[in-house]
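Kindly generate the complete structure, drawing on both the sequences and the hints.
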Amino acid sequence: MNDGAPAHPDGHGHVDVAKVTLSEEIVDRASVASTDVAEYATWLGDDALILAQQLGWWISRAPELEEDIALGNIALDLIGHARSFLHYAGTATGRSEDDLAYFRDEHEFRSVHLVEQPNGDFAHTIVRQLLMSLYLFELYRELAGSADATLAAVAGKAEKEVDYHRDHASQWILRLALGTEESRERLLVALSDLWPYVEELFRDEPLHDVLAGIAVRPSGLREAFDRVLTDLFAEAELARPRTPTTSGGGRRGQHSEYLGYLLTEMQVLARRHPGATW
Amino acid sequence: MATSTRSSAVTADPKAGAWAIAASVVDPEIPVLTIEDLGVLRDVSVSGRAVSVVLTPTYSGCPAIEAIRDDVVTALTQDGWGPVSVTFTLSPAWTTDWMSEAGKAKLHAYGIAAPTGSAPLRSAGPVRLRLSVKCPRCASLRTRELARFGSTSCKALYECLDCLEPFDYFKVL
Chain Y
1 MNDGAPAHPD GHGHVDVAKV TLSEEIVDRA SVASTDVAEY ATWLGDDALI
51 LAQQLGWWIS RAPELEEDIA LGNIALDLIG HARSFLHYAG TATGRSEDDL
101 AYFRDEHEFR SVHLVEQPNG DFAHTIVRQL LMSLYLFELY RELAGSADAT
151 LAAVAGKAEK EVDYHRDHAS QWILRLALGT EESRERLLVA LSDLWPYVEE
201 LFRDEPLHDV LAGIAVRPSG LREAFDRVLT DLFAEAELAR PRTPTTSGGG
251 RRGQHSEYLG YLLTEMQVLA RRHPGATW
Chain X
1 MATSTRSSAV TADPKAGAWA IAASVVDPEI PVLTIEDLGV LRDVSVSGRA
51 VSVVLTPTYS GCPAIEAIRD DVVTALTQDG WGPVSVTFTL SPAWTTDWMS
101 EAGKAKLHAY GIAAPTGSAP LRSAGPVRLR LSVKCPRCAS LRTRELARFG
151 STSCKALYEC LDCLEPFDYF KVL
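Protein chains in written order, with UniProt numbering: chain Y, 1 to 278; chain X, 1 to 173.
Check before you lean on any hint, since a few could be wrong.
What the hints assert, rightly or not - No farther apart than 25 Å at their CA atoms in a straight line, the calculated lysine to aspartate or glutamate pairs in the DMTMM-like style are these: (1) X:134 x Y:67; (2) X:134 x Y:205; (3) X:134 x X:168; (4) X:134 x Y:167; (5) X:15 x X:145.
Source of the hints: derived by calculation from the structure; they are not laboratory data. Computed from a predicted model, the values in this text were never measured in an experiment.
Below, the structure written as structure tokens:
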């Protein structure tokens with residue numbers, strides 16, 4: 001309200017919102033992405049979108065009502081991140097977030113292979129959640145300092161939400177690992193099935209060099225990811241899996257057989273009834 | 001238009017008038033809280049009768065933000081303002097620290113436990129300790145979390161070990 005009020009403090013504390021003045025440039029809807037930034041935003045948006053679509057399957061099928069709601073809420077956060085990233089990506093080519101989500105084909109998606117791996121049993125979904133949320137937390141924490149104001153704003157908000165997601169997954173890892181023989185056995189199978197897809201998350205691509213200062217180099221996140229995982233595995237009495245790494249290729253549009261089926265289900269309504277509203 | 005002679009659009013301090021109208025809009029999911037109580041209303045600027053409002057969503061995927069936008073436009077239009085434009089900002093990211101003390105008291109009276117403590121700037125790891133949450137019904141601190149994710153993104157589900165009632169907790173973000 002007061003012009004000339006001090007800039008908003010970056011930290012936390014009691015803030016009189018009536019005194020906060022926002023500058024034009026941080027109103028994210030106003031900025032337009034360059035071609036390279038749009039490509040990078042698509043990578044981020046696609047990871048969040050595909051993971052959200054996977055989690056949506058659990059609604060009405062989770063082992064208990066509370067878990068149904070938890071996975072639904074996490075999916076909703078991820079949809080929010082995907083919308084922000086894809087909206088921004090679309091500004092480069094005049095496409096909307098819906099154009100990008102519903103009217104691109106499989107080879108045009110840039111998500112990593114881990115998010116397209118099937119839900120499997122609950123243990124598989126939780127292991128995928130753990131690996132993705134630990135990775136995304138470290139990624140968004142770094143990206144919040146990006147030279148690109150829009151990416152930084154989306155990441156700064158997403159970081160706090162993903163913190164809850166990794167907490168949720170970590171609690172389940174402990175419960176499954178230290179629960180019954182059956183739960184532990186299933187968790188071990190899931191860890192070994194999904195471990196091959198971890199490496200791709202931390203692989204640097206040429207675009208990361210092009211966007212130095214804007215994009216986050218994923219290789220630099222590995223140490224922090226490993227540290228959190230080591231502590232959690234020690235508490236859960238788990239050993240790191242030894243299954244070998246897959247080739248990946250999601251960032252270049254090369255996907256496993258699962259993505260096509262997932263997209264078909266996600267896109268069918270929008271493609272059958274273009275422009276439909278409800 | 002017909003009521004504009006008595007509207008805030010013609011009062012001495014038009015910006016304060018427009019702010020007051022926008023600030024009266026409530027959260028559709030927690031109708032005891034206004035968007036000002038929540039810290040969702042971030043800026044109002046006035047030029048003639050045109051108003052620009054800046055809102056920030058509580059959570060990235062919060063579905064209520066679009067309903068709030070529509071309600072802000074309706075409230076200002078009915079008060080004689082127009083055109084009304086609403087933009088969203090994500091930065092600085094919304095935090096429960098911006099919830100007003102009046103808002104916290106209203107939440108408690110409504111049966112929802114208010115956020116306990118401040119949002120940590122950086123959490124040490126994914127498994128951490130929490131402050132106890134006070135039961136909004138009997139004020140007991142002997143409560144336990146049933147589910148971290150409740151009826152909306154911003155709430156967790158708790159249970160009181162004294163009065164045995166379940167209740168919502170507006171979690172710290």
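- Task: Please name the hints from earlier in the document that this structure breaks, with their numbers sorted from lowest to highest.
- Result: 2, 5
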